[in-house]
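These protein sequences, in sequence, are chains A and B. If you're matching positions, the first sequence starts at 1 in full-length UniProt numbering and goes up one per residue. If you're matching positions, the second sequence starts at 1 in full-length UniProt numbering and goes up one per residue.
Heads up, some of the hints might be wrong.
Here are some chain A residues the structure puts well away from chain B; computed CB gaps all over 10 Å [stated by the list, open to error]: (1) H14; (2) T15; (3) G16; (4) E22; (5) G25; (6) E30; (7) S40; (8) D50; (9) D64; (10) G69; (11) D72.
The calculated lysine to any residue pairs, modelled on SDA-like cross-linking and capped at a C-alpha distance of 20 Å, are [to be verified]: (12) B/K66 / A/D64; (13) B/K98 / A/F67; (14) B/K98 / A/P8.
Simulated from the structure, these hints should not be mistaken for laboratory data. Since the model is a prediction, treat every value here as computed from it, not as a measurement. Glycine included, each C-beta is placed from N, C-alpha and C at the ideal position.
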Amino acid sequence: MAVTVSIPTILRTHTGGEKSVEASGKTVLEVIDDIEARHSGLKDRLVKDDKLHRFVNVYVNDEDVRFAGGLDAEVSDGDTVTILPAVAGGSR
Amino acid sequence: MFVVLRIRRDLVDAIVEHARRDHPDEACGVIAGPDDGTDRPERFIPMLNAARSPTFYEFDSGDLLKLYREMDANDEIPVVIYHSHTATEAYPSRTDVKLAQEPFAHYVLVSTRDPEEYEFRSYRIVDGAVTEEPVEVVESYMFANTGSDDVPDAR
Numbered sequence: 001m002a003v004t005v006s007i008p009t010i011l012r013t014h015t016g017g018e019k020s021v022e023a024s025g026k027t028v029l030e031v032i033d034d035i036e037a038r039h040s041g042l043k044d045r046l047v048k049d050d051k052l053h054r055f056v057n058v059y060v061n062d063e064d065v066r067f068a069g070g071l072d073a074e075v076s077d078g079d080t081v082t083i084l085p086a087v088a089g090g091s092r
Numbered sequence: 001m002f003v004v005l006r007i008r009r010d011l012v013d014a015i016v017e018h019a020r021r022d023h024p025d026e027a028c029g030v031i032a033g034p035d036d037g038t039d040r041p042e043r044f045i046p047m048l049n050a051a052r053s054p055t056f057y058e059f060d061s062g063d064l065l066k067l068y069r070e071m072d073a074n075d076e077i078p079v080v081i082y083h084s085h086t087a088t089e090a091y092p093s094r095t096d097v098k099l100a101q102e103p104f105a106h107y108v109l110v111s112t113r114d115p116e117e118y119e120f121r122s123y124r125i126v127d128g129a130v131t132e133e134p135v136e137v138v139e140s141y142m143f144a145n146t147g148s149d150d151v152p153d154a155r
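Use the sequences and the hints to build the structure in full.
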């Protein structure tokens, strides 16, 4: 299953500057593991204690995977997986 | 890396207006600019604070995806990411620093704690390090900085 994964600026140091990479897998976690095998260090930035980081958003096509099974969300051939860091903060 | 934020006055006014409007909740948004190395904020995009909180802000995740797709399609980057502090100074909090994930953006903070005077300050936040930078407000990007002073500008 080949999917295109869009990489945000801050994580491109892990992909040799590439804005997007091809990967395979049947779930979001498998896709992340597949990228990690070639671009070590990326997974640590996305996953913590087997869960997606609170302030990282991952989308399969237009859907935020947080509402679709998290790391177990399914991906299909030809899907686009987009990784975007949250834009957030606070005065405390 | 640019060590100054050059920004048009109308964009400063738009940010301050947005911050005043959402006070006492924190307001947030982006000014996008061309991805051509000019570091020029141009397109004002106020965002909804999904947290609707006086002490926290977060772009809605659906809006975030839409925003980045739009910028991608336009060859734009988030030149400025702004938010307001409504009861404290315009300086990045520990949370702001921890969550900052755009190393090339100017992080603008506006404080609306004083109803008359606002504070408008800009920072780089990279790997947990905060560097304040001067803000140069210009009327237009066109006529400022036309070249080095020892070369006469073309007429």
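Hints violated by the structure (listed by number, smallest first): Numbers 9 and 13 - these are the hints that the structure violates, sorted from lowest upward.
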